[in-house]
Amino acid sequence: MSTSPLHDLDQKVSELLAAISEIDSLDALREAEPGTIGKRSILSTLQKSLGALAPEDRSDAGARLQSARRDVENAFEARREELASVARLHSLEQDRLELGDVVVDNVRFPATTGHPGIIAVTQSQLEDVFVAMGFTVSEGPEVESDWYNFEALNMPPAHPARGMWDTFYVDLGDPETVVLRTHTSPTQIHLMEEAVRSESLPLHAVMPGRCFRRDAPDSRHLATFHQIEGLVVDRGIGFSDLAGVIETFTRSYFGPDITSRLRPAFFPFTEPSAEFEITCTICKGSGCRTCSQTGWIELGGCGVVDPAVLHAVGIDADEWGGFAFGFGIDRCAQMRHQIADMRALIENDVRFLEQFS
Amino acid sequence: MRIPLSWLRDFVELHESVAELTEILDDLGLVVEGVETVGEGLEDVVVARVDEIRAIEGADRVRLVVVEAGDGPLEIVCGATNFSVGNYVPLAPVGAILPGGFEIAERKMRGATSHGMLCSARELRLSDDHEGLMILDDLATPIVGQGLVEALSINVDVVFDISVEGNRPDAWSVEGVARDLATRLGRRLKSPATVSPTSPALSSEFASTGIDAPDLCGRLTVSVLRKVRVQPSPAWIAERLRNAGMRPISNVVDASNYVMLELGQPTHPYDARHVANRTLRARRAREGEVLTTLDGIERHLALPGRGLGDTGDDCVIVDGDDAVLGLAGIMGGSSSEISDATTDVLLEAAFFEPMSIARSSKRHGLRSEASNRFERGVDPQLALRAVARFVALLLESVPDLEWLSEPLDEHGIVPDVTDVELRPGDVQRVLGVAISNDEIQRLLEGLNFRVEERDDTIVVTPPSARLDVRAGAMGRADVIEEIARLHSYRRLPRRVPSWPQPGALSDRQVLRRRLRSVIVDLGGVEVWTPTLVSDALFDLAHPGAPRVRVTNPLAADESVLRATMVTGSVQAWAKNVERGTGDVVVAEFGTVFVHPDAIDDPRITKGGDGGGMVLNLPKESERVSVLLGRREDSAVSAVAFWAVLGERLGLADVVIRKDENPERFMHPTRAGVLIDRATGAVFGRVGELDQAFVAQLAPSLDGRRVGVLDLDVDYLADRTLVVRRSDFVTVPSRYPSALFDLAFVTPATVHAQDLAFALRTSSDLVEEVRLFDVYRGAGLPEGTRSLAYAVRASSEERTLSETEVATLRDELIAVGAHLGARLR
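Protein chains in written order, with our numbering: chain H, 1 to 357; chain U, 358 to 1181.
Keep in mind the hints are simulated off the structure, nothing from the lab.
Remember, predicted model here, so these are calculated numbers, not experimental data.
Even glycine gets a Cβ: it sits at the ideal position worked out from N, Cα and C.
There could be a bad hint or two in this list.
Stated by the list, open to error - Output of the computed footprint for chain U on chain H, the stretches with three or more beta carbons under 8 Å from beta carbons of chain U: (1) 37 to 43; (2) 57 to 64; (3) 69 to 80; (4) 122 to 133; (5) 169 to 181; (6) 225 to 239.
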């Protein structure tokens, strides 16, 4: 009986493993690859010799050889990873920079300027108009409980008006208790609660911010968008003050030849409620395609704060009155800059962005 | 809601132009979204009979149809397939001009010649129906060649498409719109014709009813109609329905739809043969019950839904065997549907609790014309008036119809209507103008409110239809809105209020604007990347970390709230590099989120039904991330960028330290943190992106250095965490400054900024210390480097003498030595 070709397999494997552990660089590893696990390796030679075995011994020997090959290959790959990691550490070490040692005076920047985002610019312009009218500017969180986003705004669970907003629900707490805010109005509630707590009524604030609606984006809408909301809670404040503020804002932001008008609408958190329209900024009121020949375009919603909302935050509706309004910052930007497709705002194409200053 | 002008005119005299009416409706809050003229320009269209349909060789979308329209066979090429030989259809012959000005000419298609056009209802502007040709088989006696106008008794009409707000259930009908118009215009509102029961037989001898869930069903009336013959409706009813956007089906179904459109009351006719014991009851569905609704979908009833507080209540209508016939107020089942063979009809007209209808409709994803009305609130008193109108309509096609006496009428719980008191000054306080009591009375009575003056208070009783009018202060607001609306918002005065409190930006907003302005001046192009990112993108920076997830994302790769903006900014920048516009600095301001379970200080807020639950919400931080992606950029330019920015923010003393625990996107040996030396607050990171990380997001950018600056705006805005320089300034000395350089050989453990700080603060004479050179290598011991500083010094009192400068120099060398640096 002849000696099996695998009689010294274990020894050969140990030799290979030892050789692998000796390899000390990725270059050396690459060179050693054919001779260790490739076609020129001893394992491949042994593989060929299996053909000489009696058929009954062949499968057993094959399995042994397979297992040996796996061990060697694993060791080889492990070594490769080790060496790569060492090489990365080495190159990172070579690349080390003591940031505190940077000589700032020696750095020269190109003589070009950047460009602010159009939403930020628009938001600042709007804020400035309202600050000049006596408003402060407040902000609130983007994740809200359903209480702030809906119920305190006079929309109890299952209220059909909740369907006016396509809501993203956040996977926290009980189902549908946490949402991405669908409007900036929850910030009103936070502000009023704080004012009640600190006994600091009256309130005159605008609240800009990012909102979310589960609505497939198109040329006029994005699922993520920005609103600015206004709230006044004071004594002796009513609908005519609201109409006056809207008109002053309209002329101040859009220009003296643009005016506003209100028409009845429904929002759960205001009563009376109104939609406010402004003179079409394209045709200046003479009628065009943008305004469907009416001369007017819708900008936002507004109204006298519903007593239910005041009640929810503990404000006496007999002593205090107030009004609220809200509209899209993105929409103002779209109108002012004639942005044909709102999706350009999230494309971040520098050729688009560099048009703003 | 589509409302034909002719229908409105049944209720109120209107001689205004369409444009004037549109303006008035808009101003009433009944927003006109479109105006359409129907039935116009159809003089050339005739009735034709389909005699033959042939395939056209090589065409699979069109067929050749041979029709007879009185002058012998005509060959027409037609793309519709909803008809067969023997049907009657409208034909626009060659030379006809369709509404909208489209002129029919002979056309050759696929080798065949078309001598006219067969039309859909939409092509004729008779309705929105474009599901194929309009089929005219319902005509009592179709006559080929007869003008369509004559055959269908078509009248020219104007249709307003009106959008009715959610708090005006009373206006969601022709009568409701007409009532608003009549009140605004000061005209009389007419009532439509109704009838009384036509048969002395008692309803209770034929049918029975009951309410087992009085909280879900506030009223259930069942009327019995006998000797019904199901057939097409009279032409004028069919025309009205078409103009209102509904397809005529049969006289019974059409009467039900007509009444719903006209008065706002949904009704449901059942074929009495298929209602066991001719009994209709309303009860709560039981778990395990299944109903196949008319749309063919199996509905599993009484299963609690996902909605907050949704207990799974479904109200169902059952028969005498307790078998479920329909989902009450939403949709019926097919078992008891009206068919051509129906002769006895049980007509249900009911009131269902609006909120439970809303929940059921949402839970089953099933909305219908009926559920839309019930969930807003149908007038609980309307049911039998609607039935009386229904019967009047049905009598037109079935003159010997029998309506049995004393319709069954069961009551459950109906929401209370409460009186609302308007105190003197209430209206003026809210609207800013006084409106006379007479005018208030006229306006409100026009809407069926009862108005009574008691002393100086006006007591207003809303009609049963106005379920939206609440009690107390809220009811006052509701009533005042109605007064304002009918009076016209445009007639209310405008007043610009003022108050003593000044307007202002917050400290944070001022800081943010400053940040933005400097970043832009330094080359930053502001981007806006998604707040919602993919799991894969999240894992790139924070593998395996808890994440805040959206349960109903629009797309799977927009389902996780971002924990950093850097990844998004890299993507935005990389796309620009691909476009050849990537030689820029990109910057983004925005919010990042941390899962409440991952931190000790989640945001705690109230939520849940009634705000009674305490919720842990994600921690939100505002950050600004800047990527320096120009070709020459690296950690070095990022540090310089920060230096300018920090200076412009007026920060007192910030140092850059090695980041011992860098984020995965940071280059591990080029990562620094920004620390306020006084408070120890870590408020940002600066350095370079890890090239391996960049390569994962944009393989083509492997090897490119990208500087990064990532700041926590919350910290920056808090002066107790990041200290700003005092607003007080010093006037420089009038005496000349002395300038000298100091180069120290320093061990790696000494920070260049610390050494500069020590030198600057060691003596009142030192005005400024600036690092101007760093040298490593030949001539210096291993592990050390040379730091060269330019020092400027002066005295308030005199020009510094050479001796004094030399002394100062020695003092500064000693300061250096104290820190382990020796003069080179």
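Hints versus structure:
{"no.": "1", "hint": "37 to 43", "result": "violated (count 0)"}
{"no.": "2", "hint": "57 to 64", "result": "violated (count 0)"}
{"no.": "3", "hint": "69 to 80", "result": "violated (count 0)"}
{"no.": "4", "hint": "122 to 133", "result": "holds (count 6)"}
{"no.": "5", "hint": "169 to 181", "result": "holds (count 11)"}
{"no.": "6", "hint": "225 to 239", "result": "holds (count 6)"}
In the structure shown, a violation is registered for the earlier hints numbered 1, 2 and 3, in ascending order.
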